[in-house]
Amino acid sequence: MNAPNPPLRLLIVDDEAPARRRLREVLADCAEQLAVEIVGEATHGQDAIQQVQQHVVDVVLLDIRMPGMDGLECAFHLNRLDVPPAIIFSTAYDAYACQAFDLNAVDYLLKPVRADRLVRALTRAHSLNATTLDRLREAQPKARTHLSVNERGRIVLIPMDDILYLKAELKYVTVRTPEREFLIEESLTRLETEFDEAFIRIHRNCLVARARIREMGKLPGEEEGHFLRLDGLEERLIVSRRQYSALREKIKSI
Amino acid sequence: MKRKNHNNRQVELPNFCHLGVALRIALTVEAALAAGAIARAPDAVAFWADFIELSALAQPALLLTLMGLCAASRWLRSQSYRWGVSLTLGLGVATPVLATLWLHPLLGEIGLVSLTGVAVFAWMMGVGLLSYFNLRSRALSPAITEARLQALQARIRPHFLFNSLNAVLSLVRSDPRRAEHALENMADLFRSLMGNANQLAPLEDEVALTRAYLELEQLRLGDRLQVDWHIKKMPADALIPPLVIQPLVENAVYHGIEPQPEGGEISLNIYLSADKVHILVRNPIATEVSHHKGNRIALANIRERLLLHFDLDAQLKLEPLGAVYQVHIVIPYTRERTQPAPAPAHRR
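Protein chains in written order, with numbering that gives the first Met the number 0: chain A, 0 to 253; chain B, 0 to 347.
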């Protein structure tokens, strides 16, 4: 089929060592049909994102269920790259994800992987567009472990645990960590739904990390105005009158 | 005596002290009285008057009968079924007749009922109700319980099956011996999954099965899975329901180890104390709380199987201890089979 082409550069991502070894064996078996070069192996999502940026990778063989950052989230972040790699998901068993893949015509492999199936998937591997990725993640709603931004061609991952607050301004959302601010292009409403457990709305345009709330107080001199102070942040955040009572209830329950 | 064993249970009298049984009797009698009143009354007003008078007479008799039956319940149930039925009927007819005799002067000349009428009515109710309880006890007996146990039998997660197959495949070329051993473990595991769910199994077999399962998991997870066994003091000959330990440990791996990149330790503690077998399974609580529903289903399943086997004598407790999640099962220590064992070689 595609004889003299340069070898496909692959990254294998799976948390289980035997699964990675098995993929290597099968790939070696089909070397005649398809030339590949395995540029690395990763054991979880963050590792994969790092390696994709260190090497030139054409295709990522990405396991879905992994500890920490899972495959779907990893694919989502990888898509921030200017030229995202092609992605082939793999799973041992995941009824919901497979259904979503079928609906969105995304190629995936079922483990144990068969050689012919692997070759076929690799020959037509392509990168996924943002809409498809959104739909895949909707099919399996799970809060991300990180937010990500593209800064000068590189993916910067922001761990959710580091985030103090998220504030909507015009087209962007400001992400505030103790060190600095990032701008991401996402909707605050969707972030609120996704991180329902960890973040609380205190204002029409602001979500704060529940675990970071330190104190709530009354603004001096003004009527019915309240502010909120977060751990590791000098700035005082304004609590809207609408959110105040609901917020007080939630803080009590912490 | 009521037998603990749910199998080959013969038809027995209901426990008259159970609220459900008493309620069924009371409601049936009231319904029959109402039907009688309807048949006799020419219009609605007459019906109500009639029904209220009948009830005034019947209710004290009914209550007395129920109390008598409850008091005698244990004794009645210890007789053979035939005798039990006759005695119950006798009690069921005598109490209302005596009650009517006693109440007659109090209620004055009602003229609604004759003593023969009361006796015939009580006898008919008794026969009808006892036939109903007979049918009901047959319907609930062995076959149904067995089917329920089969349906409840733990199922292996498909995710585990395919990942294990994949792990074995990865060994076939590099380490054929380990691959063979892994396949033997899988065979053991599946044999018992497809085995007889209602027969108790020796604790040591169940522990061996759990070991086989853990070896397979260690194949996939490597150093991420550490297991700490405390079973030196376990009563190896105790009989427990099959597939109770393995699913608990599977849960522990699935929820406590797999979601953590650095893995963790599972600890198993089995011992005998005060004639009860204690089984404790501990796993670290993963920070990520994603798939809790599956966990509850598995535990509810085990709980129901314990109930079917041991009624209220067995317990399953969930105890979050800080960063560790613990499941604690207490089972009565039994050694002999409570039923004839047809196929002893069902495992290993």
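Just so you know, these hints were derived from the structure itself, not from any lab.
Each hint should be verified, as a subset may be incorrect.
Covered stretches of chain B (chain A as the covering partner; in silico rule of three or more C-beta atoms under 8 Å from a C-beta of chain A) [as the list claims (entries may be wrong)]:
#1 194-207
#2 217-229
#3 251-261
Beta carbons: idealized from backbone N, C-alpha and C, even for Gly.
How the hints compare with the structure:
Only residues whose beta carbon comes within less than 8 Å of a beta carbon in chain A count, and the segment 194-207 of chain B has 0; fewer than three means the coverage is violated. Against chain A, the segment 217-229 of chain B contributes 4 residues with a C-beta closer than 8 Å to a partner C-beta. That satisfies the three-residue criterion, and the hint holds. For the segment 251-261 of chain B, the proposed coverage by chain A is satisfied: 4 residues have a C-beta within less than 8 Å of a C-beta in that chain, meeting the threshold of three.
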